[in-house]
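*Asks:* These are the residues of each chain, in order.
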Amino acid sequence: MSTVANINDDTKETRARSLWQDAVKHFVRDRLTLIAFIVLVLMTLACYLAPPVLEDLLDVDATRTNTPASFTAPGVDRHVLGTDHLGRDQLIRLLYGGRVSLAVAYTSSIMIIFIGVSLGLLAGFYGGLVDDTITWLVNTLSSVPSTLLYIVIAAIWQPPVEWMIIILALLGWVGTSRLVRAEVLSIKEREYVLAARALGASDFRLLVSHIFPNLMSIVIVTGSIIAGNLILVEAGLSYLGVGVQPPTPTWGNMLTDSRTYFVQGVHLVIWPGIMILITVMCFYLVGDGLRDALDPHQSRHSKA
Amino acid sequence: MGKFVFRRVLQAIPTFFGITAIAFIIMVSAPGDPIALITFNPTRDAVSIARMERSLGLDQPPIIQYVYWLVGNDWVMIDVDGDGAGETPGIRHGLLRGDLGQSIRFKQPVLKLILERIPATLQLALVSLVFGYGIGIGLGVLAAVFHKTWIDWLIRVISVIGNAIPPFWLGLVLIIIFSVQLGVLPMGGMRDIASRGGFNLAETFRHMLLPVFVFSLNTVAFVSRFVRTEILEVLAQDYVRTAYAKGLTNRTVWLHHAAKNALIPVATYVGVSVGTLLSGSVIIEQVFDWPGMGRLVVNAVFNRDYPLVMGSVVVGAIMFIIGILFSDFLYALLDPRIRLK
Chain B
1 MSTVANINDD
11 TKETRARSLW
21 QDAVKHFVRD
31 RLTLIAFIVL
41 VLMTLACYLA
51 PPVLEDLLDV
61 DATRTNTPAS
71 FTAPGVDRHV
81 LGTDHLGRDQ
91 LIRLLYGGRV
101 SLAVAYTSSI
111 MIIFIGVSLG
121 LLAGFYGGLV
131 DDTITWLVNT
141 LSSVPSTLLY
151 IVIAAIWQPP
161 VEWMIIILAL
171 LGWVGTSRLV
181 RAEVLSIKER
191 EYVLAARALG
201 ASDFRLLVSH
211 IFPNLMSIVI
221 VTGSIIAGNL
231 ILVEAGLSYL
241 GVGVQPPTPT
251 WGNMLTDSRT
261 YFVQGVHLVI
271 WPGIMILITV
281 MCFYLVGDGL
291 RDALDPHQSR
301 HSKA
Chain X
1 MGKFVFRRVL
11 QAIPTFFGIT
21 AIAFIIMVSA
31 PGDPIALITF
41 NPTRDAVSIA
51 RMERSLGLDQ
61 PPIIQYVYWL
71 VGNDWVMIDV
81 DGDGAGETPG
91 IRHGLLRGDL
101 GQSIRFKQPV
111 LKLILERIPA
121 TLQLALVSLV
131 FGYGIGIGLG
141 VLAAVFHKTW
151 IDWLIRVISV
161 IGNAIPPFWL
171 GLVLIIIFSV
181 QLGVLPMGGM
191 RDIASRGGFN
201 LAETFRHMLL
211 PVFVFSLNTV
221 AFVSRFVRTE
231 ILEVLAQDYV
241 RTAYAKGLTN
251 RTVWLHHAAK
261 NALIPVATYV
271 GVSVGTLLSG
281 SVIIEQVFDW
291 PGMGRLVVNA
301 VFNRDYPLVM
311 GSVVVGAIMF
321 IIGILFSDFL
331 YALLDPRIRL
341 K
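Protein chains in written order, with my numbering: chain B, 1 to 304; chain X, 1 to 341.
Bound-form chain B, shown alone (with noise of 0.2 Å):
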């Protein structure tokens, strides 16, 4: 008896640990992903660290307006970007700007995959009432027109950023609760469940040990994907003059003041709008390599 269970302990093992490695292996492997992470990872960086160095180091402010020297073209007098129209600083308004955009992105993610998981299990796991409640908040929810329900409720309350993301959160949630019931649904009727069951196994642990862990890769890969969505989302009702509001320096809100002064200087459109395309490709390129490497059923060449 005791060597049968530990034979089954070993290959539970060897198999968990391999999982995770052939993931990492193939993560490694794959270079555009790897690329793109890393480019997530410094731009991170860059923006929580960077500005009160380089404030230092170039004698630039990111608040303190300078108008003599706006519209100052990039790479002249210490301003690697260019100056606005107020004279400050575009490089660490970009990366201050970066705080705000990525700190939405990725709190908020957390907080939809939260209420997102949480929900679908509940709902795919017991079904009867609590799935018809849940089924039906999900489908009321997602017929509002999203962008639409932000605009209103971002121009009526007028939020500061931490509403902001909490407001982001509730009414995203929808998508990954739905992925989520669909996945547990199909999960529970699998072998290994049914047998914890018959083992006797409380639906707490069947849920926490069984089902949640299987759960783990599309929960990763969704968290991804939503960040990047987050960051276009955020932009753009920064952008309508809606989100974060001047002076705290968003991506979106910079294109908000470059639209008027596009003639005087172009460097203003053009930088705001490639942070942004670049962050969310990046999310979007590390969502797509994780599905790849987490997902062991699907071969790599039938995902797209």
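No incorrect hints appear here.
Incomplete in silico selection of chain X near chain B, CB under 7 Å:
1. Pro-14
2. Ala-30
3. Val-160
4. Ala-164
5. Ile-165
6. Trp-169
7. Leu-278
Computed footprint of chain B on chain X, listed as stretches where at least three residues anywhere in the stretch have a Cβ under 8 Å from a Cβ of chain B:
8. 172-182
9. 279-289
10. 292-303
11. 311-317
12. 320-326
Everything labelled a hint here was simulated from the structure, so no lab data went into it.
Using N, Cα and C, we set each Cβ at its ideal position, and we do this for glycine too.
Position chain X against the provided structure of chain B, taking the given hints into account.
*Replies:* Just chain X, lined up with the frame of chain B:
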């Protein structure tokens, strides 16, 4: 099939009421005094304010207000002077009877304002959808045919960029290049200032070129990947292998076995795309000054014209529900497995 349709329509009803509830909750909890918004006159005396409040039903508890908003109040007598007895019937017909209320800013029925703007939105959005799906399907098929070659890779790059590029930024860059620098295309709007109305193909074309490009890019990105995945999935099916084993030509297998089955989910997704038109057009219309519903809503939001805003949210949601239903019906029609489930 009839039963399937009936069931799906029935399921859409609670969703619809959920949406009206969300819209209503936002409307009543929005800050600002509705009377002040309507009259623009903060010095009105208390008596006339109370009178107005009663005639608009604002003295009622929210749940009653919600009912009035939904089904109207022309069947109850309103107690205008506050003496406890109703004098005059209400004037609202209610959402369910097509009365979305009165716009505060335009002093016109909300439904009329929305209906006036819908054609412009549809013109832009439908053309973009046709282009988006056409090019997207083409690229998706190409990517599947040249699977794992540089063509496949290139299309993947296009698709990732198309998804990740912020539409308002792309619009701005294109306006700067084509309108400001080169001066070949208009900066925005739907027609030339000098034009005297009527339909002019060249004029319409010039105004639609940039917005349609930006609008359809997202669809292209999404559809091309969707099509590619579907085709590759179908090609891995047993019946395709059987078809090859029977000795059918590549052409026959692709056209009659693969394409037909792969495109079913894509075709049905058109309904969903139509449903989400309004969301997509909000930002595009803002960037290109396109006089559609998206701009109407954004302006209404900034003017705090709540009836107009909520009317648009409800209309947008109805469009979405119809789009989804259409999608489901089409799926059931094309794929017998769905309706037999």
